[in-house]
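Single-letter residue listing:
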Amino acid sequence: MTNLILDFRIALRSLFQHRRRTFFLVAAIAGVTGLLVLLNALSTGVSETMIRAATTLSSGHVNVGGFFKVTSSQSGPVVTEFAKVAKVVEANVPELEHWVHRGRGWAKIIADSGSTQAGVTGIDIKNEPDFKRVISVVSGRIDDLAERNTIMLFESQVERLKVKVGDAVTLSAQTNRGAANTVDCRVVAIAKDMGLMSKFGTFVPIETTRGLYQLRPDTTGVIQLYLKPQFVSESAAVAGRLRIALERAGYALMDSDASPFWMKFQTVNREDWTGQKLDVTTWEDEVSFLTWTLKVISVLKVVLLTILIAIVITGIMNTMWIAIRERTREIGTLRAIGMQRGGVLRMFLFESFQMGLLGTLAGALAGTAIALAVNAARIQVPLSVQLFLMSDRLHLSIHVSALTQAVVMITGITTLAALYPSYRAARLPPVSAMSHFG
Amino acid sequence: MTHIVSVQQVFKNYTLGTFVVPALRGVSLDVEEGEFLAIAGPSGSGKTTLLNLIGCVDTPTKGLVRIAGNATETMSERQLTRLRLHTIGFIFQSFNLVPVLSVFQNIELPLLLQRSATTKERRARVEALLDRVGIREYASHRPSELSGGQRQRVAIARALVTRPKLVLADEPTANLDSVTGTNILDLMKELNRTEKTTFIFSTHDARVWSYASSVVRLADGQIVDRVTAEEAVRAGGVPGQPSPRAT
Ligand SMILES: Nc1ncnc2c1ncn2[C@@H]1O[C@H](COP(=O)(O)OP(=O)(O)OP(=O)(O)O)[C@@H](O)[C@H]1O
Ligand SMILES: [Mg+2]
Chain G
1 MTNLILDFRI ALRSLFQHRR RTFFLVAAIA GVTGLLVLLN ALSTGVSETM IRAATTLSSG
61 HVNVGGFFKV TSSQSGPVVT EFAKVAKVVE ANVPELEHWV HRGRGWAKII ADSGSTQAGV
121 TGIDIKNEPD FKRVISVVSG RIDDLAERNT IMLFESQVER LKVKVGDAVT LSAQTNRGAA
181 NTVDCRVVAI AKDMGLMSKF GTFVPIETTR GLYQLRPDTT GVIQLYLKPQ FVSESAAVAG
241 RLRIALERAG YALMDSDASP FWMKFQTVNR EDWTGQKLDV TTWEDEVSFL TWTLKVISVL
301 KVVLLTILIA IVITGIMNTM WIAIRERTRE IGTLRAIGMQ RGGVLRMFLF ESFQMGLLGT
361 LAGALAGTAI ALAVNAARIQ VPLSVQLFLM SDRLHLSIHV SALTQAVVMI TGITTLAALY
421 PSYRAARLPP VSAMSHFG
Chain H
1 MTHIVSVQQV FKNYTLGTFV VPALRGVSLD VEEGEFLAIA GPSGSGKTTL LNLIGCVDTP
61 TKGLVRIAGN ATETMSERQL TRLRLHTIGF IFQSFNLVPV LSVFQNIELP LLLQRSATTK
121 ERRARVEALL DRVGIREYAS HRPSELSGGQ RQRVAIARAL VTRPKLVLAD EPTANLDSVT
181 GTNILDLMKE LNRTEKTTFI FSTHDARVWS YASSVVRLAD GQIVDRVTAE EAVRAGGVPG
241 QPSPRAT
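So the protein lines, in turn, are chains G and H.
Going by this note's numbering, the first residue of the first sequence is number 1, and it counts up by one from there.
Going by this note's numbering, the first residue of the second sequence is number 1, and it counts up by one from there.
Hints listed in this document are in silico derivations from the structure and should not be mistaken for laboratory results.
Treat each hint with caution, since some may be false.
[Unchecked claim] Some residues of chain H that are not near chain G, with every Cβ distance over 10 Å (derived):
#	residue
1	Gln8
2	Leu16
3	Leu37
4	Pro42
5	Asn52
6	Arg66
7	Leu130
8	Arg132
9	Gly134
10	Asp177
11	Asp186
12	Arg207
13	Ala229
[Claimed, not checked] Each pair of labels, with its calculated beta carbon distance range:
#	chain 1	residue 1	chain 2	residue 2	range
14	H	Arg78	G	Val408	30 to 36 Å
15	H	Pro22	G	Ala27	48 to 54 Å
16	H	Arg78	G	Leu372	51 to 57 Å
17	H	Phe19	G	Arg427	23 to 29 Å
18	G	Tyr420	H	Thr194	43 to 49 Å
19	H	Glu73	G	Ser298	56 to 62 Å
20	G	Ser298	H	Asn13	55 to 61 Å
Fair warning: this is a prediction, and the values are worked out from it, not measured in the lab.
Every residue gets a Cβ at the ideal spot worked out from N, C-alpha and C, and that includes glycine.
Bound conformation, chain H alone (with noise of 0.2 Å):
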């Protein structure tokens, strides 16, 4: 079986000043496609991190990423770039949707960047994702006008529209009530059920654990274990409750 992610020996450093924090020190993680694989950890565990050097928007100072069968350390910012179009899927924190874009605009855009449909053929895909999200009849309207989990749901139409092998949320649900947050997590399951594709999020919501195939738990730029959702419950979050200390 490939795996659609291979992380190997990773290190990642950011430097502040004189100051180097290591953030990320010897991970190695491989995923298997299909999967919906939570990464859990405390605030500044390197979640964050982790999932940035997985999407390729960002380079290990040390150590191999393999996303997809591509070495990436050996591409150009041109091939990543291009990796990233075709292969992955971003869903942020933040929506980050284009503001000025409509909802139709915004799911559409990342077909408009990989060039290959045609009008008619992007007008299917992506009406076709405004019903899977369920936000139809706010196609026209601009991202300034929904609510948090309605922008979310642009947001994973956006990510989704390329059908990419590989699905990146950041805290999909940390700006999101705890109702809304767990239809967008119902949203993203069904569609990595239904659609087959990967999903990798990351949270510090143990209440979210139940969700997962597997839970990868971080603790100081370092992967503690790899479990279970029910393992990962029983072990250390109870739902319903705030996430433990995982130290």
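For reference, chain G alone in the conformation it holds in the complex (with noise of 0.2 Å):
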């Protein structure tokens, strides 16, 4: 233990006799500390944001949709007698918070100066408050989709459609029978833009949905399943569960796909089955088409972080060099006067050890701080940023996992790098200590 001490004490007061060299170094640690948390908190803040939006817009976290053949070429993405479903779903997800279900589809919606391709969601607005919290109307009343044969469109929809709160657009579609059906609907909510999503997005009463493909009351187009907030990161292995516990009930299911519905049709389409079957998806495969913007920011941590992490175990392997040619002789008379191999390797890597703990502290503090000012700051991120984020405004989110992750990490590579040195330092010979240079 008083060793331990001695070897601290030493190692702490080598760094400050050579306080310039430890500075840039440490500065330099803490460059990359900060570097780190900084698209940490950026990746985190970007996945949250879409996992808050997606959630909300268009899936649940875990999801029970599937698809419904009259003949094997003509598929609607529909489950019948959704509330036997539920009950299976219910009876198997003890981590469900609620569930909703909504109608999909797909139609041309048709004003009298536009028209545009739009994805058409039914929902029952009277069971969704978190979707009334998620969404802010800029113009009219959400809660009047509760009325018959209603609409919400978003703002982007409305600027190419050129209608207002109180017109009526047309919704035309082909009914899974292959006939064509028209609805028309009243404008009875414009919503502020969320993204990618809210370009291709509208919502109807779900009533309206079964209307324009002639369905009956018993049938959805989805239920989605939200889950308690410790289970979310969970929502992969929940589908699994769920996926075998349907089958179990008597379900046909569809082979596993990671990506949304509305790019399984074409799929469903050239299979030869006929009937019902259903499909477990989370959330993230209903967003994968927008999570590369993710693993683009992770590819781009890994590559960032490894040349500057390989920049800082250059430092510090070049720094442990030159500080052991200039302290030959100091370790030599260690040596001389007693203190094992052992003790030398510790001392440096002490030092090592003292300036990454440093360095990354100061970073992960420093990198928190501009993260806090970020958000107060409530930065505006162009268009084209938006679309990917689903949310007009930059969100950068720390945790504390994420910064001590970081911490350890960094000050973990900055103890290794010193490693070799270290090693090399302890098998000087102690009559080093004999030799007259330095």
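Using the hints, put the two standalone chains together into the complex.
Right, here's the structure in full:
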């Protein structure tokens, strides 16, 4: 114990002795740590924003959707007798907080002076408090979606269609049997854009989707499961379990495919079956076409950090070599008067460890401060970025676990970088005490 | 009478590339406890090499080195380090204090490495030695704030703090002016007398021979003779004069 304190003391004082050199290294370590913290905060922030938007606009944490095929080439995104399916869900997902069900469809939306193609989500607005909380309405009333044949559009669609609240639009689509059908809807609410998904998304009462596709009242498009917060990260496991439970209950299931439902029509239509098949997906599956941004950020993170950490490692090793050369006689002396090799090794590792800890703590602190400042500044991101963020603001998310991880990782790396030089220092012969250099 | 140091037919070769430099060529030497032995000889005669072997910081090419009854050739690096820590004190020509530690901490260091003494015991021992070598008021100073003579006093205190049986000093006065050097030798001599510590020091300065209980004269890696201080002074070195070439 006293020996550890001794090694620690010599290490700390030696660092202070060479404070200029130490300062630069610590600053470099702090810079890398700060950057890591910020990149983590960015990817976590984006991911959290995405989950929030995705899980209100187009997905639950876990979804039970599926297709019903009247003939082998005519499919609709339909779950028949959904109340029975919901029973299986409730019985097998203890992590469930609540579930909602929505109609799914794709239609041409026609107004007097324009038209657009868009997804049509049937929603029971009375049972969707979270949805109301996430959507920010710029005109009209979201609660009016409870009325028959109404529609909520996003700002960018309104621009194209040139409509306002109170105007009528016509939804035109093919029913699952192949017949053309239309429904007239009154615009009751216009919502602020929420990224890419709002470009192609509209919301109508669920009866309207049933009417448009001529479906029975016991059908829906998808059952969206919302899990208790602590289980959200386990969505995939829950989905896997639910899949088995549904199969046991006698349902036919589609093969697991990590893509949104609207990308599955082609495959489903090509397959040779009729009737009902269910499809269990997670929120990540449904927004997989967006999660590439997260992948880009993490690849960027890895590349950048690899380079920077390589620089830090080189810096640490160089500094250690210099220190060992400068202190050859000191090391020899310590060895001569009775310090074991382990003591010398520890001493130099401590030096690096102390620099690492100091640098990473400073970096973590600085990174956190910057992230908090960015959040406080409520920085508006450019439109193109909004599409992927599904938010108009940049949100950086700092978690204590991520901070700890960064501090531990980079301190560990800096300490390890000193391992070889320290090992060599420990093996310097005690006769080097007699060298007349330095 | 057991010998604290027993060197038998020791050879030491250094290799410089393909060259073999014979630094010691068959040296045998016994030192009794309590001696104050000088190893004298011109530059390159092998004084440092011999002290390094006695101090177990280097190993002979051939021959046996026995320190306080330990056959060093059979010992591991770890055991040799322990032997140095517990049995031998070192005083270096260039003091070799740890620059980042205070005078007190430098002296305390071997006790910390030994791990046996309590904080209180260490404190008492270090303070006693600070008084003994007369640098009490510099206890909290860094070595860089001290003069050469003061630094060598710190080094002496550090060498003695563990009450080693043997203290080795390689040209302890070479980096000091003659007055300071004389004072340092006075101090070492006094400690040799009062603490019964065996001292072996090397020098190429004949003026200091008179301090020694006996003088071993080296030349070209071999022992020329071993004489009492008076004999040595009479035979070759005149105090106050540069050392004679001993060949
Ligand atoms: N590490 C080494 N590598 C090669 N040769 C060495 C080494 N150390 C010493 N020598 C050689 O060994 C011989 C003895 O050297 P040593 O240092 O023991 O002499 P010394 O009596 O202490 O001399 P000085 O009075 O100059 O300190 C010299 O010829 C020297 O050049
Ligand atoms: Mg020498």
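task = Of all the hints given earlier, name the ones this structure violates by number, lowest first.
result = 5
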